[in-house]
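Asker: All chains should be modelled from the sequences, with the hints used to inform the complete structure.
Sequence order for the protein chains is A and B. Each residue of the first sequence is one higher than the one before, starting from 1 at the first, in this note's numbering. Each residue of the second sequence is one higher than the one before, starting from 1001 at the first, in this note's numbering.
Every clue listed holds true.
Derived BS3-like pairs: lysine-lysine, alpha-carbon spacing no greater than 25 Å straight-line:
# : chain 1 : residue 1 : chain 2 : residue 2
1 : B       : Lys1183   : B       : Lys1219
2 : B       : Lys1166   : A       : Lys38
3 : B       : Lys1219   : B       : Lys1315
4 : B       : Lys1163   : A       : Lys38
5 : B       : Lys1183   : A       : Lys38
6 : B       : Lys1183   : B       : Lys1163
7 : B       : Lys1166   : B       : Lys1183
Treat the hints as calculated values from the structure; they're not laboratory data.
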Amino acid sequence: MPDLLLDPMLEGAWALSPSVALRPEPFGALAYHFGNRKLTFLKRPELVIVVRVLGEHPDVRSALVAAGVPPSQHAAYGEALRGLARTDMIRPREKELAR
Amino acid sequence: MTAVQERPVGGSLIHQFELGLDAPICLTWELTYACNLACAHCLSSSGKRDPRELSTEQCEAVIDELQRMQVFYVNIGGGEPTIRPDFWHLLAYAVDHQVGVKFSTNGVRITPERARFLASTDYVDVQISLDGATADVNDYVRGPGSYDTALAALQNLQDAGFKDAKISVVCTRENIGQLDEFKELADRYGATLRLTRLRPSGRGADVWDELHPLPAQQKVLYDWLMAHGEDVLTGDSFFHLAAFGESLPGLNLCGAGRVVCLIDPIGDVYACPFAIHDNFLAGSLLAEGGFQRVWQTSELFTELRSPQTGGACAKCSFFDSCRGGCMAAKFFTGLPLDGPDPECVQGYGETALAGERSIPAASQDHSRSGATRNQPVLLQLMTRPPVSACAESPLAGYEPSSQGGCC
Ligand code: SF4
Ligand code: SF4
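Answerer: This is how it looks when you write it as structure tokens:
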């Protein structure tokens, strides 16, 4: 379990990968990556909001706050985002966009 | 039936899938019932072209609609899809409209030139059907010459630099002993092996008794999948084997009408590619409202998405993972849909098969009537007329590695 305060994922600047399309579903969304053809299910509407707004925020933590995810769940979301990063669903943004 | 329930938030993905999605995940589209082969177990009883087959313009309209619904890819099959003169056009049209294509072929039109074209595309996957690792085992079911055709296609793809073709195998009594050989064959061509379950669908109903893996072979298959699960695709089709103990990777769920469906060559929409029968016909996409209306509001699909009872299986301790197995397999062997699968690995299927049952009559058949040059030996041994093409998995495309999902 990553330390909430030190989780580098929460401090980084990320965005939805340009090859990914999100399809809204009653449970959240389906994310499909046209490049590696991976299909992932985002099981919470909040997570869908988070990945949609990631690119507009200086870091993950502020995207979580904007999406209304309570701080107690930030670690779990960090973990989920790491999973999405592993399959290139989300990508780190260029340095200059980071704080 | 109980009152309509509000859709719950959260819960397991399987539970959400059972309630249905706004658009299918695994959509199979059979472009034609015409086929150059006459495989004994053809799930769609293919052979002759249906004169009502969708025109090029109608097919383009279907693709436009799939794009609007964000169906990210379709599994194209048949019949032999590549013998439609507009096949390559439709392939390009789909890809240009953000609908990726995986197509199944017996290889007949995968010439060096076509292979080079395929190698130059993105979003196209090719599955070559092969039901024996050796010519004798394959051709017995798929017809003389079909092994050589498939291997020539694989060779052409490899020579053209096409990456990661799939070798799609329907597991039968004849080929379960060849699993290692299939794997070697796939490795030789830089391909991925894809194993799927034989269902008693289409002409498969006629040969199922003779071809379906015996109980001891089911265990061999299970053990092999447990050992090689990482490197082979299964379309999640073997979830009935979960009752041997551990679940196989992937989803344990009959996706029919929930995440899976079939569009047939004339635009009829069925719950699953293995359920081409009037009982599982949800409607036609040519009617008002198109495919979206059939998918989202047809009576049949609504019913398939409502809570199902476990029937005789509910008492079984493996019900959570096996879920009573395959609806189509039960239906076409004349077993109750809420009871055990005919290949129930706990042995309840055999008991059920031994009891009273009536096998439903086929509601359509595109088999050619006379014997053909390509007729497999298996069919010559049988009384019913022959014909065609090859298995399309209902759950294909689920990427087991992505099933962990998020949160
Ligand atoms: S093949 Fe069987 S288990 Fe799979 S979706 Fe079709 S009916 Fe359901
Ligand atoms: S009794 Fe039903 S749930 Fe149990 S293993 Fe057999 S088919 Fe599966």
